[in-house]
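Since chain A is already given, all that's left is putting chain B with the ligands on it; use the hints.
Residue-level listing of the chains:
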Amino acid sequence: MLRINDLHASIGDKEILKGINLTVRPGEVHAIMGPNGSGKSTLSAVLAGKDTFTVTSGEVRYQDEDLLALSPEERSWRGIFLGFQYPTEIPGVTNVNFMKTALNEHRKYQGLPPITAAEFLKLMRQKMEIVEMDPAFSSRGVNVGFSGGEKKRNEIFQMAMLEPKLAILDETDSGLDVDALRIVATGVNRLKRPDNATLVITHYQRLLDYIVPDVVHILYKGRIIKTAGKELALEVEQRGYDWLIKEL
Amino acid sequence: MNDLYTLASGTPNRPRFNCRVPLENSRQLFLVDGLVQETGKSFSFRLQKGQVMEELLQVIAVRSDEGPNELTYSNELFFGENTFGRLLCCAHAFTQGPVSTQETVSIQLEANAQAEIIVMQHEHNEATHKTRFVVNQAAGSQLKMVFLSLHGASIENNIEVNLQGEHANCDLSGLYLADGQQRIANHLRLFHHVPDCQSSQLFKGILDDEAVGHFSGKITVVPDAQRTDAFQANHNLLLSQQARIHTDPQLEIYADDVKCSHGATVGRLQPEELFYLRSRGIPKKEAELLQQLAFAYAVLEKIPNEILRERMMEMVEKRLRGGC
Ligand SMILES: Nc1ncnc2c1ncn2[C@@H]1O[C@H](COP(=O)(O)OP(=O)(O)OP(=O)(O)O)[C@@H](O)[C@H]1O
Ligand SMILES: [Mg+2]
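Chains A and B, in that order, give the protein sequences. Here the first sequence stands for residues 585 to 832, where the numbers follow my numbering. Here the second sequence stands for residues 102 to 425, where the numbers follow my numbering.
Hint data in this document are derived by calculation from the structure and do not stem from the laboratory. No experiment lies behind these values; they were computed from the predicted model shown. No false leads were mixed into what you were given.
Partial chain B-side listing against chain A, Cβ under 10 Å, derived: (1) Q371; (2) E373; (3) E374; (4) R381; (5) G382; (6) Y398.
No residue lacks a Cβ here, since even glycine has one placed at the ideal position from N, Cα and C.
For reference, chain A alone in the conformation it holds in the complex:
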């Protein structure tokens, strides 16, 4: 589904990703952990098509296409979804209008007619329920004045609306209280299907209690320095990253 091959990316003349290799198959859950500043958000942003980063070499294949040749919207239409670590506030654009526009663009790509207003409202209600979000949020500006946890729920709500094939969740668990963590994790699990895959970026083992990964990768200074099963997350939580760095 996704194959990253020796990916290098920089910002200005600072190289941040220094040769990433990663393969994700349908149905898999991969966790990416790593110290602050190791390049986790950069990797997710590059996969979603953010142009502040320049890919200097390497390639990314997604469903037999050259992912890097596609614009962010084209990637979205093909099923890539990035749950932002810091969701952007967009004053003046309401959540409803935002999601309706987004959904209809997806439908257009799929050759479907625009959704009717009634159908849309129904769908939105359903999906908001998954993340236990108050319907009042729909008429507010996108993420404007949302608390940290509300923003994260809004990300999962959007994910539920767009039903991605490959979801990249960048620290969706950070800043969530215990209940919100459970709600968000349950939401993600409910969207799980055998033909989609999830990349979860996290600092904490506790999320992985809910969203159980098949593989855990450790990213350090722009490289994946270790890949193992889910027990690696627990080990990192207990021992930190030093022992892994020393092994290098």
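The following block gives chain B with the ligands in isolation, referenced to the frame of chain A:
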């Protein structure tokens, strides 16, 4: 028809213009080259003491082929004591080639009168339109004006407001959209002559290509005008490297117990917002449009009438999509 308000009468002319898409609960009146279509007289609108208008009066000023290239005219809007009235004043040009219009509008609000006036300027690329609005407000009167400058080679609005009676309230806002070689200027002068009045001015502009905008606003608070509450803001969005805006908000305060704020900003589309929208599948052009509409919304939401607001939002969207 039950005539609540009076309009100057004269010899009826054969109507040449009519409205194909009238707004609900509204009445249309055409000003052809500065004169009322049916009467051939200049436009004078008077609401007498206590009159409350249910309908919206749409005054459609058109420039026709028969009018002079350079036209000067004046109108009068009078709102007597305890009246309520709503007007939508539109300017269109049904002529080819260059025309210029100079328009003076005097607006008088007597004690406790309430007025809502939407001004929409929608001429063409060779039309020059210059206005001068002189507003006088008596005690307890409330005026809300929204200026939408959508199309014209050069538009210049000069707006002077005199708050002459205590507890008068004046809320002015404007949205100007310019591209190509268009020029748009708004010059505001606001005088707080007496204590306890409120004024607010919010003007926002979106400028593309080589368009040039000017904004100057000056609020004067005289020494006795205590407890004045005055707000002024001018925000601009530049869509191209060549577009320019000159903005000059000013305060001149001679009273000590006042609440005044003013500010101006010049910005560009936010790349972070753009990426967020695009990452959800909204194409670049649409995402940019959403951002522009979001920017414009703060002015459009000032239009109290919902149907009119929707109509104006459609026009703004069409304009931002490059139509006219
Ligand atoms: N816009 C930018 N300009 C300059 N440096 C940047 C920019 N974005 C990221 N970086 C740098 O790239 C490196 C990787 O950042 P990134 O956000 O990918 O880390 P991360 O692994 O997600 O960290 P965290 O766990 O704190 O979220 C950091 O050193 C960061 O300072
Ligand atoms: Mg990060």
